[in-house]
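Sequence order for the protein chains is A and B.
As numbered in numbering that gives the first Met the number 0, residues 0 to 80 make up the first sequence, in order.
As numbered in numbering that gives the first Met the number 0, residues 0 to 195 make up the second sequence, in order.
Think of the hints as simulated: they come from the structure by calculation, not from any bench.
Incorrect hints may have been included.
[Claimed, not checked] Quick partial rundown of chain A residues pointing at chain B, CB under 8 Å, derived from the structure:
hint: 1; residue: V9
hint: 2; residue: M13
hint: 3; residue: M24
hint: 4; residue: L28
hint: 5; residue: I29
hint: 6; residue: P30
We treat Cβ as the ideally placed atom computed from N, Cα and C, and that holds for glycine.
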Amino acid sequence: MTCILLFQSVHQVMKAEKVLKERGMAVDLIPVPREISSDCGVAIEVPAEVSEKALCFIGERGLSCVECYQRGDGGRFEKKQ
Amino acid sequence: MKEIDCRGKACPHPVLMTKQALEGLIEEEVILIVDNEAARENVERFAKSQGCAVTTEKRGPDFHLRLQKVKSGEDHKAVREKRDGANVVVYLNSRFLGIGDEALGSILMRSFLKTLLELETKPSRLILINSGVWLSSEGSDVLETLKTLSEKGVEILSCGTCLDFYGLKEKLKVGVVSNMFTIAQALLEAERVVRP
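Excised from the complex, chain B in its bound form (with noise of 0.2 Å):
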């Protein structure tokens, strides 16, 4: 059986690789290697979007993911794209909404978030970058606004090198730690993307 050593390597190769081996590959296995809980999360997710079932073993320092494809890629693209709907995702780069003062910024930012609960249409993913993902981290005022939306089924991604680079990685309270692999297809597989 085929095994990808990812070991060592940096947000988003994991992922990369994962999608490099999982591409051609029907209804057979592959077992990736990673040592990190970031990356484990990361391909998980990402094969598991891709229709693979994904067995996790722990050994030693490392995970050993077994992904098995069960549909092909075309069949889970159809069903995705069914799903979804409008697929609109909000793209926040900042705690603050809008440029000017901080204080209001931050006010308006909670003003918009509570608001997008009150209304009918939910985008289908809120992603927060650089600063944004003090958004989604312990201390941060909108935290019961965000699992609100994530239990509506609005998917909330951080973007997992500015949770590192701001010290947030173990802080995270709601949603996923994301990479730029994902990040970056969702905007672009976006219907819409707001960026209020």
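In isolation and in its complexed conformation, chain A is listed as follows (with noise of 0.2 Å):
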């Protein structure tokens, strides 16, 4: 399973990426899935047993992700926050 990070801009998505491969966090840049927004943007996703420490890397540089969603394993997707 995994979680996706939606962030207010595309900047924030590109230094929360860097923040969290300098980590060595497995993370990916995704198009934000149809289910979750119309608007054309990227997310990070993650592995869902590793986003509570991937939110808090984020926090500590001062970046904040908008929304979080779990990719369930029938492809829906599930707001965490």
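Both chains come to you apart, so use the hints to assemble them.
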């Protein structure tokens, strides 16, 4: 299972990706799934088990994730925060 | 038996020479001699696409390819057209999508390729040219995406000259090394070429 982190801007996504990669996390940039938003945007996908840690790392650098979704097995998205 | 010596010929000459040799050849054989791995691959792929059976023999530094024409070109063309259905080629001539900031271009390219995975309509081919070949090489962050596309039947062609230029020839991780002959032909034969 994975978590999808949404940010305010693509700049924030780029910064957050850098932070998480520096911490050695397996992150991926993905286009924001259609089910979540119809806006054009990119989001960060992280393994669900490390999502809390990812949020901490991002927070430490003054970045904040706007929304967080969990991708379930059936491909459905559930809002976490 | 006819022997054609392509040693020392630069890409795409070996393929062009193969094409000439195969024209008018029906159920006959021809031997093609090449002196490098890229030429061997390109000639073999081209010959197979033309309905030939290919057997390769390594002799010293050279490869001897025996091409046996099993079907006439016309039959094969018809088969190929039928199989392809909607022949859409996606042409990526840069590792970045769009013109502007490169970091943004890189993200957009990742998004584009990931989205191709999600869409039901898949292109038949993905052609990577110039810095586009970084996408299919070691260290690329879209390798997994390209591998999945390849598994789903999308043919990924990376320009050999470009791989060579960027020093990536040994680092290609997905798809095949291609040449201008195959690439130009794929572009001309496509029903639609998508250049995002």
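Which numbered conditions among the earlier hints are violated in the structure presented, ordered from lowest to highest? 3
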